[in-house]
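So the sequences go chain by chain: X and W. Each residue of the first sequence is one higher than the last, beginning at 0 in numbering that gives the first Met the number 0. Each residue of the second sequence is one higher than the last, beginning at 0 in numbering that gives the first Met the number 0.
No lab work stands behind these hints: they were computed from the structure. Heads up, a few of these hints could be off.
[Unchecked claim] Once the Cα atoms are required to be at most 25 Å apart in a straight line, the calculated DMTMM-like pairs of lysine to aspartate or glutamate come out as:
| hint | chain 1 | residue 1 | chain 2 | residue 2 |
| --- | --- | --- | --- | --- |
| 1 | W | K136 | W | E176 |
| 2 | X | K69 | W | D65 |
| 3 | W | K72 | X | E139 |
| 4 | W | K61 | X | E139 |
| 5 | X | K10 | W | E176 |
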Amino acid sequence: MTFSDREIFEKIKNGDDAAFSQLFDETYPSLCFFVNKYLSDMDKSRSLVQEFFVDLWINHSKINVPHTPKSYLFNSVKNKTIDFLRKEKRIGTVGEPDENLESTPFRDLVEEAELNNRINQSIQELPEKCREIFVLCRFEGLKYAEIAQKLDISIKTVEMQMGIALKKLRKNLSDYQMFNLLVFVFSKKN
Amino acid sequence: MNELSHNLDVDGLSAKFLSGNMSLEEQKEFKNWLNTSEENKKAFLKNKKVWEQTQLQLVSEKIAEDKINVLRKLHSHQTRILSRSRRQLLIYKLAAVVAIPLTFAISWYFLNTGSVQQPQLAQTICEVTAPKGHVAKCILPDGTEVWVNTGSSLTYDAGSFNGNLREVELTGEAYFEVAKNVEKPFTVKTEMANILVTGTSFNVKAYSGSDVFETILAEGGIDMEVNNTSSKQKISLVPGERAVYSEESNKIAIDKVEPEFFTSWRNGELLFKDATLNDLIVELERIYDIDFHLTDKKLGEFRFRGMFSYNNNLIEALEKVKRTAQIDYRIENKEVWLTKKE
Chain X
0 MTFSDREIFE KIKNGDDAAF SQLFDETYPS LCFFVNKYLS DMDKSRSLVQ
50 EFFVDLWINH SKINVPHTPK SYLFNSVKNK TIDFLRKEKR IGTVGEPDEN
100 LESTPFRDLV EEAELNNRIN QSIQELPEKC REIFVLCRFE GLKYAEIAQK
150 LDISIKTVEM QMGIALKKLR KNLSDYQMFN LLVFVFSKKN
Chain W
0 MNELSHNLDV DGLSAKFLSG NMSLEEQKEF KNWLNTSEEN KKAFLKNKKV
50 WEQTQLQLVS EKIAEDKINV LRKLHSHQTR ILSRSRRQLL IYKLAAVVAI
100 PLTFAISWYF LNTGSVQQPQ LAQTICEVTA PKGHVAKCIL PDGTEVWVNT
150 GSSLTYDAGS FNGNLREVEL TGEAYFEVAK NVEKPFTVKT EMANILVTGT
200 SFNVKAYSGS DVFETILAEG GIDMEVNNTS SKQKISLVPG ERAVYSEESN
250 KIAIDKVEPE FFTSWRNGEL LFKDATLNDL IVELERIYDI DFHLTDKKLG
300 EFRFRGMFSY NNNLIEALEK VKRTAQIDYR IENKEVWLTK KE
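This is chain X alone, in the form it adopts within the complex (with noise of 0.2 Å):
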């Protein structure tokens, strides 16, 4: 992750599109599950962070590059957020801002939507069968027997599956961010 990265704010400013690109690879996801804490819809909180970039690109060569990109990225997508919800409001299509938010501080959502993007990540990187099973459970609620009918296997596979894919998120994260999911999700029970 180079999040930190000034140069890369450096190359986009002088119109280097390969910079621009990695950009977008290397922040993307966890820009949109941080706006998505806001919005809680994955769409829309998509194609807001997508036009921040599209903004970003058209005025490139009047970007101030920033001393610390990552909070200069987070927060910018969380000004367009704000603005979008100010607007919705007034339309009247959003209820009002969920309270644990505004006491949240913004440093902890920004960790949380890297955190996100981590085991997201990790999810991505499992073996496609095992992916393709803990989806079917995590994602589409099947029951275990389902997936085992719907896949041609036995559900003896699906529990063994289940119990890789599980193994291999935990240990994909380091021992700091283990701590951290550790810490939020205890903040938020309180």
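Place chain W on chain X using the hints.
The following block gives chain W in isolation, referenced to the frame of chain X:
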């Protein structure tokens, strides 16, 4: 615990528990089992947190889609800016075609003075060129429609064109839909060979610097004759045929092709059917005016099929290659380096 676990470790059991696939009985048994080992308890706690954090996923395909979407928006923004300046150019060109007395000076401006001889007074040479990455379409005074491919140029003498001679000169590639007129044959002249027709649709590829002349007939009939040979070779083609003349061998080869694969460029599309990366590179270099380098020569042999659009920007095209061929790219100045993806 034996009955419950049947070879499942703490992760397998955690998953089964967290996903709600354990019966009440099993759940109870599992909780008791966890209490017997501090290590397993810790692992389960972590698994539980990870599980809670996997509420939604953003799949790689969606991310790639979104990126293309951003690039497309940027491209249309860029085109909007460019089209403003290009529209002005077009006005000049139209003037060159239509208003003959006025255009002498202007067409001089478009004239490639190096390659064309000093025009005599009554001559009004018009030139149609396509800017890099774009296809130009023009209608000649007789109603013939011509699509000029990127980096190519078509010249004709508007003075004599209105008279008896329907004659154009081409460097590069163009597609012709010639207006029918049996009395006035239409001639396309290139450095290596000429095409003679009365009314038909065909493609001509004659880039300077290439020692190959290629024509493909879509409809009607054409005659092709080779220049600069002692024995003037002349052949006739039927629709769906391609004639390739190579200067080196001084021979014309004819084969059957599907014309749409060779004429799709005029809609700003490049269709490839079982092409190699080397073929694609030649086209991309021409469209974007850049140089490609392969870190491994074997990469060039990679075969694929698909469609590339002139409306894509370079990065979109490269992303496409990256996705289908496992080939990574790096851009430096006006050079692109292709490497095998690890």
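Right, here's what the structure says about each hint:
{"no.": "1", "hint": "W:K136 - W:E176", "in the structure": "holds (11 Å)"}
{"no.": "2", "hint": "X:K69 - W:D65", "in the structure": "holds (21 Å)"}
{"no.": "3", "hint": "W:K72 - X:E139", "in the structure": "violated (32 Å)"}
{"no.": "4", "hint": "W:K61 - X:E139", "in the structure": "holds (17 Å)"}
{"no.": "5", "hint": "X:K10 - W:E176", "in the structure": "violated (46 Å)"}
In summary, the numbered hints that this structure violates are 3 and 5.
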